[in-house]
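Asker: Single-letter residue listing:
Number of protein chains: 2
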Amino acid sequence: MTLSEEDYIKAIYHLGKGDNTIVSTNALAEMVDTKPSSVTDMVKKLSEKGVANYKPYKGVNLSEYGQRIALSLVRKHRLWEVFLVEKLNFSWDEVHEVAEQLEHIKSEKLIDQLDKHLGYPEVDPHGDPIPSKSGEFKKAIKKLLNNIPIGSVGVCVGVKDSSPPFLKFLDKNKIALGDTILVIDREEFDGSYNIKIGERIIHISNQIASNLYLKITE
Amino acid sequence: MTLSEEDYIKAIYHLGKGDNTIVSTNALAEMVDTKPSSVTDMVKKLSEKGVANYKPYKGVNLSEYGQRIALSLVRKHRLWEVFLVEKLNFSWDEVHEVAEQLEHIKSEKLIDQLDKHLGYPEVDPHGDPIPSKSGEFKKAIKKLLNNIPIGSVGVCVGVKDSSPPFLKFLDKNKIALGDTILVIDREEFDGSYNIKIGERIIHISNQIASNLYLKITE
DNA sequence: ACATATTTTTAGATTTGTCTAAATATTTAT
DNA sequence: ATAAATATTTAGACAAATCTAAAAATATGT
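Protein chains in written order, with my numbering: chain A, 1 to 218; chain B, 1 to 218.
Simulated from the structure, these hints should not be mistaken for lab results.
Among these hints, one or two may not hold up.
Each computed DMTMM-like pair below joins lysine to aspartate or glutamate, with the alpha-carbon atoms no more than 20 Å apart [as the list claims (entries may be wrong)]:
hint	chain 1	residue 1	chain 2	residue 2
1	B	116	A	94
2	A	106	B	93
3	B	106	B	5
Fair warning: this is a prediction, and the values are worked out from it, not measured in the lab.
Could you build the full structure based on these sequences and the hints that come with them?
Answerer: In structure tokens form, the structure reads like this:
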């Protein structure tokens with residue numbers, strides 16, 4: 001597989017939402033940052049190679065084989081992310097771009113040994129699960145704050161909405177990625193929450209809560 | 001720089017023997033495993049980019065800028081080799097192919113942190129020096145056995161001649177990469193050597209000695 | 001259901017890095 | 001010094017991945 005092919009496979013996988021939904025040409029084009037006409041060409045090729053199922057005007061899908069490739073890429077990507085954060089002191093938000101390159105390195109031994117070196121981690125720094133060598137998946141450990149039981153503790157590992165106003169709000173309230181958060185209680189009336197960050201207790205609306213991802217630790 | 005361009009730069013660098021000798025089109029073609037006509041095209045491009053100095057029918061050279069790029073690639077390659085051997089239990093002879101891929105990863109922070117993680121190593125597993133971030137070089141620590149003072153101890157890190165007969169000889173005499181070798185003495189008459197490997201003392205001809213690289217440790 | 005808007009595909013061009021075959025320059029041998 | 005051998009470059013073609021512009025199919029609104 002070439003670099004480009006692998007990028008398309010990953011994009012089809014991620015847009016397919018895990019259940020291998022059929023993906024539209026336009027959505028793919030946006031994902032891989034190219035034009036729809038280029039996507040058409042590529043998905044035809046992937047189809048001929050047995051990696052994807054493409055039906056003109058209907059969309060694309062990964063074949064069994066394509067899914068195996070996608071999972072292996074996701075596995076590599078996430079293992080490298082763990083490596084960067086745990087061993088090389090990268091922060092949370094710096095890892096993606098580099099992992100995007102590292103995931104294309106071809107060496108089975110490299111990934112096996114990296115996995116071992118990292119102590120066989122089950123999730124990446126964003127709380128997303130790492131597929132096993134054979135392609136099995138644990139359930140995601142990251143959840144939106146409003147889906148977490150009262151009393152839980154978690155680390156803030158991501159945001160759903162990454163628009164400037166929301167990020168500005170987080171900044172103003174000193175909520176940052178990597179912070180440990182305790183969910184104190186929830187207001188019946190409006191679904192707002194009280195949460196504890198370090199020694200501070202903060203009140204946040206349900207809308208805020210439903211855009212903050214936590215990796216649960218207790 | 002693209003992958004290909006970087007491969008050519010490295011090839012020009014290595015064929016230039018450190019002193020930036022002018023390199024012939026044919027030699028380059030052999031090194032990067034392509035045809036001379038392709039080399040001509042590429043070196044023209046590198047020349048236009050200010051990376052190399054190319055004179056038709058005469059050969060190519062790296063510019064100052066090209067040398068900086070080459071040294072950075074060599075640095076990356078060798079740091080990754082150290083990583084593979086020290087952290088991921090790769091053996092000596094498995095690292096090259098993988099490092100060849102890893103050296104193209106673009107991230108300054110990645111390399112700085114890797115260097116730190118590895119404890120700022122000065123040589124790679126073959127005894128070749130690792131250029132500093134600014135491009136400075138220590139002298140090579142690997143030497144041919146026949147250029148080493150009597151009484152020295154070193155680790156076998158490579159062979160000059162890698163032909164089957166020679167490798168077969170080494171195998172038969174249980175001389176392997178990674179072995180620690182003591183140079184006991186040298187015979188005046190024919191330049192042959194007595195060396196100690198583990199508890200065994202072996203007699204080797206001068207020709208053998210002049211094809212074994214050691215990384216000196218005492 | 002029809003016209004309009006959107007999405008997708010096709011056709012043809014472009015760029016990068018490569019190739020083959022032929023032409024040209026350089027080197028070597030006598 | 002000249003012929004033969006070798007090395008290098010040029011010219012033209014090709015495959016991969018992309019693009020633009022135009023055509024075709026599908027979806028949408030009233």
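Asker: Would the hint linking residue 106(B) and residue 5(B) be met if the CA-CA limit is 20 Å?
Answerer: holds (14 Å)
Asker: Is residue 116(B) within 20 Å of residue 94(A), Cα to Cα?
Answerer: holds (18 Å)
Asker: Hey, residue 106(A) versus residue 93(B), does the alpha-carbon distance stay inside 20 Å?
Answerer: Within the cut-off at roughly 17 Å; holds.
The earlier numbered hints are all upheld by this structure, with none contradicted.
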